[in-house]
Amino acid sequence: MRPLLLILALLATPLWAVQPDEVLEDPVLEQRARELSKGLRCLVCRNESIDESNASLARDLRLLVRERLVAGDTDAEAVDFIVDRYGEYVLLRPQVTGANWLLWAAGPLMLLLAGGGGLLYLRRRQAARDGGAEALSAEERARLEEILNR
Amino acid sequence: MVNELGHFALILAFLVAIVQMIVPLIGAQKRWPAWMALAEPAAGAQFALTAVSFGALMWAFVVSDFSLRLVVLNSHSAKPLLYKISGTWGNHEGSMLLWVLIVTLFGAMAAWFGGNLPPTLRARVLAVQSAIAVAFFAFIIFTSNPFLRVATPPFDGQDLNPLLQDPGLAFHPPFLYLGYVGLSMAFSFAVAALIEGRVDAAWGRWVRPWTLAAWVFLTIGIALGSWWAYYELGWGGFWFWDPVENASFMPWLLAAALLHSAIVVEKRESLKSWTILLAILAFGFSLIGTFIVRSGLLTSVHAFANDPERGVWILLILAFFMGGALVLFSLRAGAMEAKGVFGLASRESALVVNNVLLAVSCFVVFVGTMWPLVAEMFFDRKLSVGPPFFNAAFTPFMVALGLVLPVGSVLPWKRARIGRALVPLRLPFLLALAFAGLAWSLQTGNSLLGPLGLFLGAWLVMGVIVELFQRTGRGGDRLARLRRLPRADWGKAVAQAGLGVTMAGVAGLTAWTQDDIRVAQIDRPWQVGSYELTLNAVEEVRGPNYVSTMANLTLSQGGEVVATLTPEKRFYPVARMPTTEAAIDYDLARDVYVVIGDQQSNGGWTVRTYIKPLTNWIWIGSALMALGGLLSLSDRRFRVAAGARRATPVPAE
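Chains A and B supply the protein sequences, listed in that same order. Using the numbering used here, the first residue of the first sequence is number 36, and each one after it goes up by one. Using the numbering used here, the first residue of the second sequence is number 4, and each one after it goes up by one.
Next comes chain A alone, as it looks inside the complex (with noise of 0.2 Å):
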């Protein structure tokens, strides 16, 4: 039974994230890659990134982002040249063209219509303490004219 579940064991052991033979000799590129491997998402695993995951396409494209790096691309292009291969879906930051413009700026927009409402509000609240609360109304006025004039 042991040696078989040793032999289970190996065969089912998954690569993990980042490998030290996918590292490049220079750390001023491999740091880039990792920054990039950060943003760019695991097509086959649920919502994880190319640099924490185990599969083995993640490390598949580790190591294409890798060899642009090392082809002289720039950050940019080399993101480009993924994102022309496996369509937007890779990117974990959305790009900000089309309706996507609409979740970016969903945040604000609420923020501004939420302020607005709420000083609307506390204006109102105010205009109650200035006027109205302490204000008396025609039956009080005349209730304290009687009892003044009694």
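Derived by calculation from the structure, the hints in this document are not laboratory data. You can take every hint at face value.
Computed spacing ranges between beta-carbons, pair by pair:
#: 1; chain 1: B; residue 1: Ala483; chain 2: A; residue 2: Ala162; range: 37 to 45 Å
#: 2; chain 1: A; residue 1: Asp115; chain 2: B; residue 2: Gly561; range: 44 to 52 Å
#: 3; chain 1: A; residue 1: Ala134; chain 2: B; residue 2: Leu151; range: 41 to 49 Å
#: 4; chain 1: A; residue 1: Ala134; chain 2: B; residue 2: Leu319; range: 24 to 32 Å
Every residue gets a Cβ at the ideal spot worked out from N, C-alpha and C, and that includes glycine.
Starting from the structure of chain A, add chain B where the hints point.
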């Protein structure tokens, strides 16, 4: 036999819930005391029956009764007892049963401790709570019955997902559900108040402890889950902006907002309709979370039971409760007039700002989570929204929140002079600034995030200290006055400090993590940061239901041994899944996190080392936030109110 009993109790609880949903509601409308009073014993019976049913299921897991389909799919006789028990809720059906158990628990608690509520309100609250239970009972019985049998029981089960066989994760779901479902109580109160047509200070006071409890449970549940991800998934991340994580985070944000707006309702009788809306939405997000986890609509690391039919059910439940409540809200909200008046600079305004920031940040998380779906359906674009988006779009709101929080908490109610209120905060502000400057000059590289996080942390913590100091007045016996401060004030202070500590931790970890990947040879030391590591040995070890490759490393600093670390790589043969067990040397200032990988052809082993500064501050801060909530929950006010309320008769209508 036990299984049949459990199944029967479940069906009986369903029937009781139907009665409790209808009869008290009619009773409250017609003012029939007997009909209203039915809600109380019914809530107790419903809880007892569901508890029996859940107990029966747990029993089946403990004794490994492989005649139940659920046990076969999720358990194994060789599994340690703790994971047999936690296996009960480590799957879709069992976790739904736990969910509904907690719904009925909260209902029963409202019945037992709700003696001070006006009878009509109590009857309505219990009826609405029971309606939620009915929906989920029906969901369980008709689509996800945990008590289904298999015709020919196998000799052994298929084991629980090994990633879930972990103490942190054993308790993560129950806490999370206590939080999610706790918000159902706020929802029930909101809907009952809408039916009643009256929201006053007393309502704010009743709804607050439930929300507070839910928030505390959510905090603990999220922190446990995040801690688990940190030490179990093997690369030391603590938050991934995964749809399922967002699903728990959105209700947390709204519950935090609700907590604060309920204070305004209680103290100042303002913000009423907003508070009601928040109560409805907070539970709505809990339901959306359930939907996201169980429908398989969004892919996620932890989605389980991806079954479209179940997804449709939950969507219907969501649509019914949200739609119904929001229609009711639009009909009745106009009737809720604010009473309190206050100036632009006041505690009330600060709480409005707090609510705006929390609600908008929740909205950002929501849009980001749903966007891939929207983009695919309407714009035919298949895209991802990942951590880079959330970090960019969400963080500013938290920074703003951290900046205004200490200011808001020193402002007096009604009307403040902003200049005068800010005077005592000058010192903490300058100190925090100096602190951040120091961090800036000490760090390598020029990341803004680290110093900013430390600034916010110091600002929040020192703001609290100054505020507490101020509360003790001038001269005299300050310590005694400090001790006499109400627990709610202490709760607020501790929670605020906790937020600061967490913010500093998140920033420190994100900005200053160092990592190192290499092929390590045995007995040949290497350097990471200021630490030296040596791989002593790697051996095969056998666990109860796994085989493990365990490395033994020595961690030393300046020639002195700091710790011996034993990272593992486990393989669970039944589930055929490998897991990593990172070895972590915990410390207040930093964690050293070591993961062992594969053996290389030259005989060395892949070893991954991370030095993660301030990591533990994240969990310490979360614990402080939860502690603050508990302190506040134990305040006399909530208990005294119980007695005081009886004296004031309910106004006749």
